[in-house]
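Can you join these two chains into the complex? Each is in its own frame, and there are hints to help.
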Amino acid sequence: MRLERIFALILVIACLITAVGNWLDQSPPQRVRDNATAPTSSGRADIALLEVYGSIADNLAGGPLSNSSGTNANDLIRKIQRAREDNVKAILLAINSPGGTAAASQAIYDELMRVRNETKIKIVASLGDVAASGGYFVASAAHHIVANPASITGSIGVIVRTQNVSSLLSKLGVESGTIQSGEYKDILSPFRDTKPAEEAILQGVVQDSYQQFLNSIVAGRNISLEQLKPLADGRIFTGSQALAANLVDSLGNYHKAVDKTAELANIKGEPRLRNYTSGNVWESFFPKFESLLPGYQQIQQARWYKIPLTLMQ
Amino acid sequence: MLDSLYATLFQSTPRFSAVAIWGAWLSVGAVLAFNAAAALSLGSTGVLVLAIAFILVGLIGWYWLSASVDLLARLLGGQGSGQSTMTAIAQSLWPLLLSAPVITIKGWLPSLGELLSLLLTLWILFILIRGIRQAHNLGWGKAVLCFVLTIALAVVAPLGMVMWPFMLIFGT
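Respectively, the protein sequence lines represent chains A and B.
For reference, each letter of the first sequence is one residue, going 1 to 313 in our numbering.
For reference, each letter of the second sequence is one residue, going 314 to 485 in our numbering.
These are computed hints drawn from the structure, not numbers from a lab.
What you were told as hints is all true, and nothing was included just to trick you.
Away from chain B, derived, C-beta distances all over 12 Å, residues of chain A:
no.: 1; residue: ASP58
no.: 2; residue: THR119
no.: 3; residue: GLY182
no.: 4; residue: LYS185
no.: 5; residue: ARG192
no.: 6; residue: GLU198
no.: 7; residue: ASN215
no.: 8; residue: ALA232
no.: 9; residue: THR238
Straight-line alpha carbon distances no greater than 20 Å define the calculated SDA-like cross-link-like pairs of lysine to any residue that follow:
no.: 10; chain 1: A; residue 1: LYS79; chain 2: A; residue 2: GLY21
no.: 11; chain 1: A; residue 1: LYS268; chain 2: B; residue 2: SER424
no.: 12; chain 1: B; residue 1: LYS455; chain 2: B; residue 2: LEU378
no.: 13; chain 1: A; residue 1: LYS79; chain 2: B; residue 2: GLY420
no.: 14; chain 1: A; residue 1: LYS79; chain 2: B; residue 2: TRP421
no.: 15; chain 1: A; residue 1: LYS79; chain 2: B; residue 2: LEU353
no.: 16; chain 1: A; residue 1: LYS79; chain 2: B; residue 2: GLY356
no.: 17; chain 1: A; residue 1: LYS268; chain 2: B; residue 2: PRO423
no.: 18; chain 1: A; residue 1: LYS79; chain 2: B; residue 2: ALA352
Don't be surprised by glycine CBs; every beta carbon is placed ideally from N, CA and C.
So that you can see chain B by itself, here it is in the shape it has in the complex (with noise of 0.2 Å):
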C-alpha cells in the first residue's frame, strides 16, 4: 500500500494491488470524512456516518466511473481491461489525502490555499489521465478526451435515468 503511494505521487509508472486500493479507499475515506464534518460542523458521529458513506457510496461511484471510462476508452481504441481501468481510477485518489494539509494552509493563508487547491485538482485530474492511457495504450489526447466525455455523460446521465423509465411507461 505504502509503495502505491509513492508511486503513484512520485513515480510515473504507479505499482497497485488489491491492498493499495482497500488501503486508498479507507484513508481518503477517512480523510475526505473529517473534511466534510468540519466544514458542516458534524460531531464524533457524523465523521463515522460520513466515513462510512463515503466508502460504501464511493465504491458504487468507483464502478460507475470504471464503467464509464472503460467503455468510452475501448471505443476510442483502448486495449485494456476493466480491471486495469478500476486500479487507475483508484490509484487517483490517493493525492486527495492532501486535501487535509490544503485546507489547514486555506485557513491560514487563503490565497495560498486556493492555489494549491487548484494545483492539487489539477495534479489528480493528471494522475487519472495518465492512469486511463496506462491502462489502454492511449494516446495523450484520446485519454482526456475519454475522460471529458465521462465527465460530461455523468452530468447528463440522471436525463437518461428519468427518461429510460418515462418511455418505458408512457411509450408502451
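Chain A with its partners taken away, still in its complex shape (with noise of 0.2 Å):
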C-alpha cells in the first residue's frame, strides 16, 4: 500500500473515532434562554444541570438499554465528578423526587458534600413538585435551596415499614416456614408479627439512620439541631411553610435557580448549562414503543403514587 493510502486511511479512521468520541461525550451546553432542546455553540458548560426525578435508588449502572424511571445513585455520582473535571463554576440540582433509600440519598450528599469542600463549585438546589425525606437529603448539600411556594418537602425521617400476611395465607391453607442461621436471620419477615426484640433492633436502625440524616441536614445548612429536630418528625412543608422554618432559603421557579446559581458562582453575562443526566431529546421525538400501549400512562403514574415519602422502606 503506497504512502498516501495509509496516510488517507489514518485520516478517516482517526475522524470517525474522534466523531464517536464526541457522541460518548454528550452534547454540548445550551444556553439557558434557548429552548431546552435547542443545541448551541460548543465550549465549556457554567452550570452543570443534574436531575434527581423520581425515587433515588442504589440500582444497577443505567444506560442506553436502562429502564429506570428513578434516579440512579452511582449514575449521579458519576456525573456530578464528570462535572467537577470538566471545572464548571456551578452545580444546579433539579430535584423531584419524593423520596429513596437511605444509602443511595446519602450517597449522594456524602458526593455532593466533598465537591463543595474540596472546590469552589457553588451548588444550587432547585425544589420541583415533590423533594421531600431523600429528595430533600440530597438538597441539604446545596449551598442554596430554592423552592416553589406549592413544592412539598420535609418528610425529614425514616421509616422501615413490616406487615404480616400470615392470617391471609392460613385462609387459603398456605403454611411457611423458614431454616435460618442465627435468631434474626427472618427479620421483617411478612409471615409472622414482628418480635420484641426485632423491633429493638429495627427501632436501632431507624434512629441511626435518622442521626445521620440529622447531623447530615445540620453539616449542609445553616441550622443547628436543636432548630432542625422540631421539624423532623417526618411532616411535610410546602415552600413556603419551609422558607419560614428555614429548610429552604428562597422561594422561586427553576429559572430563578439558575439566575440564584449564576449569582453565587459570579457568572457574567447568561451562564451557559450543560445537562449532565438526561437531556435525551430523541426520546421526545421517538417515545419508546412500551409507551404507546394501552394503560402505560396510568401504570407509569400508578409507580410514581406508590413511592411513600419516606427515606427507606
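This is the structure in C-alpha cells:
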C-alpha cells in the first residue's frame, strides 16, 4: 500500500473515532434562555444541570437500554464527578423526588459535600413538585435551596415498614416456615408478627439512620440540631412553610434557581448550562415502544403514587 | 477511495471513481451523524437513524445541487457533463470528515475551534468551486458566480415550490 493511501486510511479512521468520541462525550452546553432542546455553539459549560427525578436508589448502572424511571445514585455520582472534572462553576440540582433509600440518598449527598468542601463549585438545588425525605437529603448539600411556594418538601425521617400476611395465608391453607442460621435472619418476615427484640433492633437501625440524616442536614445547612429536631418528625412542608422554617433559602421557579446559581458562581452574562443527566431529545420525538401500549401512562403514574414519602422502607 | 481522499485534500487535481463517491458518502455520513447525535444528545438508535437519513436524504440533495450547478454552469458557458458536475460536488464532501476533530478542539479551546471551523468551511467552498471550475472549464470568477447563484436559488426555491401549485390551482 502506498504511503498516501496509508495516510488517507489513518485520517478516515481517526476522524471516525473522534466523531464517536464526541458522541460519547455527549452534547455541547446550551444557553439557558434558548429552547431546552436546541443545541448551541460548543464550549465549556458554566453550570452543570443534574436532575434528581423519581425514587433514589442504588441500582445497576444505567445505560442506553436502562429502563429505570428513578435516579440511580451511582450514575448520578459519576455525573457529579464529570462535572467537577469539567471545571464547571456551579452545579444546579433539579429535584423532583419523593425520596429513596437511605444509602443512595446519603451517597449522593456525600459526593456533593465533597465537591462543596474541596472545590469552589457552587451548588444550588431547585425543588420541583416534591423534594421530600431522600430528595431533601440530597438538596441539603446545596449552598442554596430554591423552592416553588407550593413544592412539597420535608418528610425528614426514616421508616421501616412491616407487614404480616400470615392470617391471609392461613385462610388459603398456606403454611410457611424458615430454616435459618441465626435468630434474626428472618427479621422483617411478612409471615409472622415482629418480635419485641426485633423491634428493638429495627428501632436502633431507624434511629441511627435518622441521626445520620439530621447530622447531614445540620452539616449542609445553616441550622442547628435543636432548631431542626422539631421540624424533623416526618411532617411535610410547602415551599413557603419550608422558607419560614429555614429549610429552604428562597422561593422561585427553575429559572430563578438558574439566576441564583449564576449569581453565587459569579457568572457574568448569560450562563451556559449543560444537562449532565438526561437531555435525551430523541425520546421526545420517538417515545419508547411500551409507552404506546394502552394503560402505560396509568401504570407510570401508579408507580409514582406508590412511592411513599419515606427515606427507607 | 483512499487515493481520492488524498488527492482531494492535498493535490490540485482530484481523482474520483464510483467507489470513492460511495466511500466519501458513507464515511462522511457516519461522521456527520455522530456529530449531530452528540449535539442532540441522542443514543445509539439516534445515530443509526441519522446516519441512514443523512446518507439517503443527502443523495437527494446531491442530485439537486448537481443539477442546479450544472444548469447554471452551462448558462455561464461551461462545457462539462452532468456526471463531472456530480463528481465535483461529491469530492467537496471529503473535508467534512475533519469536522469531528474540529468539534473536539472547540470543546477544549473554543476560539481556536471557531477559527478552524471557519477555515474548514472556506476549504470546503474552495474545493467545491475548484471542482465546478475544472468540471466545466470555467474561470474562477464564473465558477464562484455559479456557486453563489446556486445557493441563492436554493434559498428561494421553496417559494417556487409553493407558487407553482398556487398558480396552477388558482390561475387555471
